[in-house]
Amino acid sequence: MSTDAGREALVRPFQRTTKRYYGLLALVLLAIGVFAAGYTQQLQHGLIVTGLGDWGSGGGVPWGLYIGAFIWWVGIAHGGIILSAAVRLIGLDTYQPVARIAELLTIAALSVAGLYIIVHVGRPDRIVTSIIPAWPTRVHWSPLVWDVTVITLYFVLTATYLSLTIRYDVHRLRDRMPDIFDPVYDLMLIGYTEKEDEIVERMVWWVALAIIILAPLLLHGGVIPWLFALLPSMAGWAGGVQGPSFLMIALTSAISGVIIAAAIFRRVYGWQELIGDEVFRGLAKWLGFFGLLFLWLQLQQVVTGIFAAPVSLTHATEAKLAKPLYQALIAMVVAAEAYIFASALKPKLFTIPRLVGASLLVLAATLTEKVLFVVEGLQHAHFSLYDGVAGTYVPSLIELSSLLGTTAIVVLYFMIFAKLIPVVELHAVEDEHDADGEEVSA
Amino acid sequence: MSDDRSTGDDRSTDRAMYDEWQDRERMEQLLDETEYDTELGMELAEDAQRVVAGELSEAEFEERHHDAVVEEFGQDDRELSIPDEFEDDDSGFRETVQRLADGEEVDRREVMKAGGVAAMALSGSLGGTKLGSRDESAAQAGGGEGEEDTQYGMVINLNNCDGCLACMVACKQENNTSRGSSWMYVMAFEEDAQDDESFLVRPCQHCDEAACEKVCPVGARHTREDDGIVLTDYEICIGCRYCQVACPYGVNYFQWGEPDTPESELDPEHVYDERGKRVDSRPVKGTMGKCTFCPTRQDGKQGEDKVGTTACEDACAMDAIHFGDMNNPESAPNQHLEEYRSEQSNDREDWENRKEHTVSTFRLLEDKGTDPNVVYVGNEPGEHAHQVEGPVTYEDVGLVDNRKEEVLDKGKAANDGGGETA
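Taken in sequence, the protein lines are chains A and B.
All residue numbers for the first sequence refer to numbering that gives the first Met the number 0, where the first residue is 0 and numbers rise by one.
All residue numbers for the second sequence refer to numbering that gives the first Met the number 0, where the first residue is 0 and numbers rise by one.
Be aware that one or more of the hints could be misleading.
[Said to hold, decoys possible] Computed cross-link-like contacts, SDA-like style, restricted to lysine to any residue with a CA-CA straight-line distance of at most 25 Å:
#1 B/K411 x A/P394
#2 A/K18 x A/V33
#3 B/K367 x A/V301
#4 B/K411 x A/I117
#5 B/K276 x A/R125
#6 B/K411 x A/D124
#7 B/K367 x A/L312
#8 A/K284 x A/W225
#9 A/K322 x A/A307
#10 B/K409 x A/H44
#11 B/K367 x A/H44
#12 A/K18 x A/T2
#13 B/K276 x A/P135
Simulated from the structure, these hints should not be mistaken for lab results.
Everything numeric in this text was worked out from a predicted model, so none of it was measured.
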């Protein structure tokens with residue numbers, strides 16, 4: 000494919016907006032509306048409209064789906080940007096066509112993760128008035144403040160990264176992009192000259208380096224698992240395995256998310272040339288690899304939890320193993336793994352819709368794992384005398400509507416991005432041209 | 000910091016060494032925050048300890064540090080009072096250091112920051128000053144008011160408890176907590192191998208190293224400087240429930256919906272403590288509540304006769320709950336412990352190696368490092384202990400036990416204040 004043909008494909012989303020687009024937009028807005036209505040109820044009546052309760056004599060769990068979904072979205076965000084930074088940093092050029100999709104997924108997922116923090120707290124009206132004045136005295140104590148701090152830093156890094164790399168593309172494609180967004184493009188291109196390209200490339204390399212250090216080591220292998228692993232209260236949460244375990248879940252979820260988003264774009268805009276089969280085949284291998292590590296880390300926890308473990312940990316692990324939901328989620332990941340390995344051995348088995356199916360399975364499994372991790376952890380405290388009043392946690396419809404709403408918000412982000420900026424980097428098209436002769440299968 | 004609380008049960012040497020190391024770390028941090036020389040501060044502190052221990056003479060101490068102190072601070076305030084007091088016994092020296100801490104001149108306080116505070120914390124014998132667990136601002140101001148710190152706590156004699164639940168009812172009435180919010184909770188339990196039931200009386204443990212306080216992102220959960228009570232500022236709390244998740248004792252109860260008792264029915268004298276912080280009575284919607292050790296009582300806002308008491312203690316007819324200053328040997332909890340121990344004395348005439356008494360005490364989940372301020376007399380629940388129905392059920396006294404199923408599962412209808420229509 001020539002650069003011109005590539006450019007033509009790239010600007011396709013700007014040129015026509017179909018009825019299906021508007022139809023999807025209506026659906027997405029409806030889903031967000033349902034979520035907003037549910038949240039309004041919660042604001043009005045309090046968190047009593049959720050399925051949550053007090054652990055201890057209260058027979059409930061104080062954290063549930065909101066926190067589980069928060070970690071899940073943050074994981075997708077972290078994994079997404081790790082993928083994109085790796086492309087830039089170690090030159091994984093094969094994946095360049097999906098690098099920006101991964102970045103956009105990060106921005107969208109991080110936004111809804113932030114939203115979950117607001118949805119989760121009992122007094123969202125105080126988030127600014129309480130957190131900001133307390134920050135200097137609390138940041139060296141509360142893991143929750145570490146978390147908010149590092150996520151904010153990380154959001155800034157990701158946004159910087161994206162806004163730097165986008166200038167090159169917007170400048171070159173602007174005449175073929177919608178005039179209606181001119182003020183936005185003007186803003187994106189402030190002070191742009193072609194001389195900056197080389198400098199920006201170096202800057203972006205350093206930002207990518209920072210991200211690749213920060214995201215796995217400090218964020219999803221750090222402050223997020225530390226929210227739980229450092230506490231003296233719950234048997235199932237403690238331990239150094241949580242860092243690697245959280246990170247692997249994040250990476251498997253993110254790769255699944257990128258596969259699904261890329262497959263949809265490819266299908267809707269006829270981007271078979273732009274995002275070739277080899278990209279998906281490669282992503283499938285990575286998904287298989289990280290999925291295997293995810294299963295391996297679950298095995299670590301299960302074995303150390305039942306073989307001569309302290310009483311409370313044995314109890315927590317046995318309870319987890321007995322949960323049908325836990326068994327189901329492990330089965331889902333195993334099934335996805337089985338398909339990926341089978342299609343690696345027998346390439347005929349490989350199709351993109353099947354891979355999307357496996358990715359959806361993995362995403363459902365990781366979301367279930369995150370919610371179960373939070374809820375099961377809270378149901379099996381070290382101090383087990385309260386077991387007599389342990390109740391069950393079933394997320395209320397209002398909580399479940401948040402999943403619908405946040406997913407819709409992420410889809411909406413992509414729908415807007417599709418119309419606003421090139422979702423595939425221009426570099427990906429140019430590189431293909433430069434390295435002409437590389438066959439891109441349709 | 001050595002554990003010199005008179006109620007103290009035995010601590011291991013390891014623990015003491017660990018505490019000492021922790022204090023040292025804290026002091027270094029504290030000193031680092033001042034503009035003065037951290038090393039000099041630590042040296043002063045360590046040598047001050049040696050003087051206390053008799054390993055170093057006062058003259059040697061003076062000789063060693065005078066020049067350095069003058070160089071660092073411009074003057075050596077220690078000269079103003081220390082020499083006269085050096086003739087005293089150990090505690091005389093400590094009093095002097097303490098008095099220095101109370102000095103009105105700012106520069107004296109700063110000398111204290113650099114040296115004396117460290118000495119106090121390291122020596123650990125000044126009433127168990129707990130710098131790490133109290134307000135940092137107060138620690139920086141010189142550490143204490145010149146008297147032993149008050150540390151409210153409880154001795155709960157489980158052998159006396161008959162499970163009547165009067166304390167739970169009294170707490171609910173005093174604080175107007177919502178249904179199922181059992182700030183004080185009494186549970187009957189049995190061990191696998193035993194038939195007879197025991198009781199565990201569980202208020203908040205008001206820990207020195209409160210996990211709930213460490214994790215609070217906004218500092219709403221805090222330790223009150225004057226008396227070591229752990230409280231929640233209902234006007235700062237954002238309702239993230241991290242404190243509840245981190246507490247190993249399960250003492251927190253969130254205000255999930257509208258409180259059963261409306262704002263208009265609360266007595267303002269029973270809501271704000273003497274610092275003007277909203278920490279007493281039931282929490283406001285969307286914030287966290289737990290046992291408070293009745294701070295407005297301790298402030299004298301409920302009348303002088305209620306200072307040093309709690310609602311649960313007043314209600315206990317079995318003499319099981321004893322509230323007071325754990326650092327004061329004359330306080331109700333310490334007196335009870337002493338009397339109880341003397342009543343259960345051992346036969347040491349025939350068996351001279353036996354301990355003086357047969358009373359066993361414990362703190363709950365001590366291995367979690369929370370340093371709780373509630374000391375129990377009686378049977379500690381083992382890992383296989385399980386809750387059983389007590390002689391008086393929660394329903395018998397009009398209390399809700401399983402808040403989740405009996406209140407919260409009704410959703411917003413539960414906001415109507417306990418009506419059966421919900």
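Cross-check of the supplied hints:
no.: 1; hint: B/K411 x A/P394; verdict: holds, 15 Å
no.: 2; hint: A/K18 x A/V33; verdict: holds, 23 Å
no.: 3; hint: B/K367 x A/V301; verdict: holds, 23 Å
no.: 4; hint: B/K411 x A/I117; verdict: holds, 20 Å
no.: 5; hint: B/K276 x A/R125; verdict: holds, 16 Å
no.: 6; hint: B/K411 x A/D124; verdict: holds, 20 Å
no.: 7; hint: B/K367 x A/L312; verdict: holds, 15 Å
no.: 8; hint: A/K284 x A/W225; verdict: violated, 29 Å
no.: 9; hint: A/K322 x A/A307; verdict: holds, 21 Å
no.: 10; hint: B/K409 x A/H44; verdict: holds, 12 Å
no.: 11; hint: B/K367 x A/H44; verdict: violated, 36 Å
no.: 12; hint: A/K18 x A/T2; verdict: violated, 29 Å
no.: 13; hint: B/K276 x A/P135; verdict: holds, 21 Å
Of the numbered hints stated above, those contradicted by the structure are hints 8, 11 and 12, listed in ascending order.
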